[in-house]
Amino acid sequence: MEAKEIYGRLEQRFPGKVAGLKDDVLDPFLMVEPQAIVEACRFLRDEPELKFEILSDLTVVDFPKEEKLQVVYHLYSYTFRHPIVLKVDLPREEPRISTLEGVWKAANWFEREAFDLFGVVFEGHGDLRRILLPEDWIGHPLRKDYVEQEEYDGISTERAPLVEKLLR
Amino acid sequence: MQQLVDQLIQEGYFEGVPKDFVYTGFMVLVALLVLSFFVAPLAGITSWLERRVWARIQSRVGPNRVGPQGILQWLADGIKNLLKEDIIPTAADKRLFALAPYVVFVGFFATFVVIPFGSQLIVADLNIGILYLLAITSLVVVGILMAGWSSNNKWSLLGGMRSAAQIVSYEIPAGLALLTIVFAAGTLSMQGIIKAQGWAPWDWLLFYNPFTFAAFFLYFTAALAEGNRTPFDIPEAESELVAGYVTEYSGMRFLFFFFAEWGNLYVIGAIATTLFLGGWQIPPITDHPVLVGILQFIVFFLKAYLWVFVAMWVRGTLPRVRVDQLMSLCWKYMVPLSFICLLGTAAWMVIWPQGNRVASFVMFLIGVAILGLFFRRVRFQIRHAQPVLYWKPYI
Amino acid sequence: MDETLHTEGEGFHTEDMTISMGPQHPSTHGVLRFVVKTDGEVMREAIPDVGYLHRSIEKIGEKVTWHGYVPYTDRADYLAAMFANQGFCMAAEKLAGIEVARRGEFCRVIACELNRIASHLIAVGTFGQDIGAITPFIHALRERETINDLMEEICGARLTYNYIRIGGVGYDITPGTCDRITQFLDHFEPIVDEYNRLLSYNKIFIERLAHVTPITREDAFQYNIVGPNLRACGLKWDIRRDIPYSVYPELEFNIPVGTGEKGTLGDCYDRYMVRMEEMQESCKILRQCLKTLPKGPAIAKVARKFKPPAGEVYIRIESARGDMGFYVVSDGSEYPYRVRIRTGSFTAMSIIDKISRGIMVADLVALIASLDVDAPEIDR
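Chains as they are written, first to last, in the numbering used here: chain H, 1 to 168; chain Y, 1 to 395; chain A, 1 to 380.
Careful, some of the hints might be misleading.
Claimed, not checked - Listed next, with one range per pair, are the computed distances between beta-carbon atoms:
#, chain 1, residue 1, chain 2, residue 2, range
1, Y, Ile88, A, Glu334, 53 to 61 Å
2, A, Asn148, Y, Phe361, 53 to 61 Å
3, H, Gly102, A, Thr292, 17 to 25 Å
4, Y, Ser328, A, Asp149, 39 to 47 Å
5, A, Asp39, Y, Ile79, 38 to 46 Å
6, Y, Thr90, A, Glu334, 51 to 59 Å
7, A, Arg55, Y, Ile382, 58 to 66 Å
8, H, Pro91, A, Asn148, 23 to 31 Å
9, Y, Ser138, H, Tyr78, 53 to 61 Å
10, Y, Lys195, A, Gln280, 56 to 64 Å
Worth flagging that the hints you see were computed from the coordinates, not collected in a lab. Glycine included, every Cβ here is placed at the ideal spot set by N, Cα and C.
Please build the complete structure, drawing on both the sequences and the hints.
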């Protein structure tokens, strides 16, 4: 099914909650309001003509200029072989969104990773801990304005000059 | 040996020393000599052989640098391990931790007392030889449990527990299989059992009746399990329990465990040879006592090492079973089967008290047929082996 | 007397044992860690703890140029580096609308399939080792060594290749290399049968794996299990066929699926067998590619200062460990704005907690090995 039809069905079901469709890009995507994401995803999963069985990917992109964090959901249906991309804009200060753990279990770890690297808080998540970084790490490194700590647990994070130069 | 000591005392070498002291001293001296000039090289060379055989199975070369073909590798390893630091974890139970390897080692070393290498070459032909054997090998369990418990490491503990459960369980089929032979031979003495057999294969107790034939395989399997060998090496399964009960050991103490393991491999082969394969029996071709002794020794050694080789081969081929499978194999299959062997042999002896030579011949032929089938299978595999086969035994 | 016995009975209680399995544990393939709660030998819980190999590859992507990022993608999964190369390059090409040189596509497929065989060899070899059979492991590495030599001929590296470039491949495959690949295939195809005789149809091996931790299709969807692990659940799904990319639509190959022949559908044995069969399929693909290798340049003309237009793309390719996703955002500058690598091992790792309850410690080892999780790919 084309992105347009999926958008139509979502719009019909959740009027005003699915903000827009952009299908003149490589991967068509829908903008979804943060409050509606769980319901929309559950609808997309259970609707017999959509059947998005898997959450292929969940990630975040940071846009400091526009003061937003964009959570990106890539869904895919094995039955109908169609993908869709959902996007949710969150404020950079205190980004909060409901968890998708109840819809796809795979969201559990994806959300932990997003929390770890971007600081997005997934409300209702059962086990929202850091996953890749140590528990006592400060900051969320994949944000664009992340400044590395000078030392971690007494270990200097300074690199040799050459590497520093390459990293700018 | 007693005559020698008596003679020395008579000639006045140990004047003023109590007789018992002299005897004890000589006993210790002989034990040390046997340990350093026979058992240590035996275990060491077995370890080298295992590594070479294993390497060839895996298309590698194996140790070939120290001495001709690497045969002195065990010596180098031993010296290296002697020089290594002996680490005892601070949280360990230090005394038990230090003692455990020796307990295991004693349990293995003491079996050499009753292993006959020739009609004259035996330390002590105890009239309860097999009973002694079963009793003394149980000491190994104590040592392994001590090692597992005292290391204060959960992996070690799991390994120790697994090992204890495994060895205690498999002692039953092994013991029953040995008992079958005791029935057939009518004695517990190792030399007596060998003397009950002849040099010809059809005179071996292996082919005495179908039940002893089955008992042999039961014994060999159970012995592999008792010796913690693949496919029953779960107590030291490195992919599950790191290294099992030896996880915390280092240096010479670590080596002692493996010393015992490799030595034990030879003991398994020797017992199988003694009980089932006619031991040192050779055809009557010469009367020269020294020559006969040497021939007996060679024959015994070759038979024993054949089974050592089979154990290595098995280790190079098979995966490892799981704990519950191990236990169900023992209790559901091997224990009942070995009981049947025992009762079957008893019934056989009621029917044919002197044995049945025709049945022995038939069993021998069946054995040859099985061997033939086996080699056909091997030939099939070799023909289908794609990598180039390297036939030379040395590299 | 009775009373003392009674109180003793009450006071006797057992505790679950908490063991830290890893990061230094022989069977955790690299640096995984499980906090395992066991009741003797029976698992109560195995909580995965990852991140020991996090090298912030995604952050590095924002700091280096498009061309310069290709070597870094190697490190995302160093057992199957070629796929990460290809995924990122495909994303960049799609963003910039570059047509890949046709010979380059074939070179890519050849390199990728060789890499898939190498990666699966490691998977099945270490599987045998974790089950306790060390010989298959060393035999598998023996063949992998030949592949490494071939890779060295193709691109000069044995592990982290940096072979696939934006627009094609770095170096063309020479006719001599083609001959040697054919030689290798002639040698390797029968060897798979030998492995089967040595390991796959071994009674103990089957007993150890059949019925162990089956993954149902629903669970696979819920946890987004991909690649060979998903196919072992009986779903005939391969991105090479179903979301075709590169020249795979022109090639003929089967998609092996789990059949539950020895146990339950989707158990460890199925996952193992799917990999075994996939190696044979890769051989088929390689033969076809070598036969139809077209002439022409191996790389399209791509600006050295590569600046794709602003936009974003999500590329999925079939890596050795399944669906590898590259979500790349470009803002039109010479550095990627965001690179996200989504890997199969990450999601495979997350299901272990669920399906490992009530199995034995030895089965956990088999489960980890059968999912073929790879620490660098989890942590990136």
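To see whether the hints hold, each was checked on the structure:
| no. | hint | in the structure |
| --- | --- | --- |
| 1 | Y/Ile88 with A/Glu334: 53 to 61 Å | holds, 60 Å |
| 2 | A/Asn148 with Y/Phe361: 53 to 61 Å | holds, 57 Å |
| 3 | H/Gly102 with A/Thr292: 17 to 25 Å | violated, 49 Å |
| 4 | Y/Ser328 with A/Asp149: 39 to 47 Å | holds, 46 Å |
| 5 | A/Asp39 with Y/Ile79: 38 to 46 Å | holds, 44 Å |
| 6 | Y/Thr90 with A/Glu334: 51 to 59 Å | holds, 57 Å |
| 7 | A/Arg55 with Y/Ile382: 58 to 66 Å | violated, 47 Å |
| 8 | H/Pro91 with A/Asn148: 23 to 31 Å | violated, 50 Å |
| 9 | Y/Ser138 with H/Tyr78: 53 to 61 Å | holds, 59 Å |
| 10 | Y/Lys195 with A/Gln280: 56 to 64 Å | holds, 59 Å |
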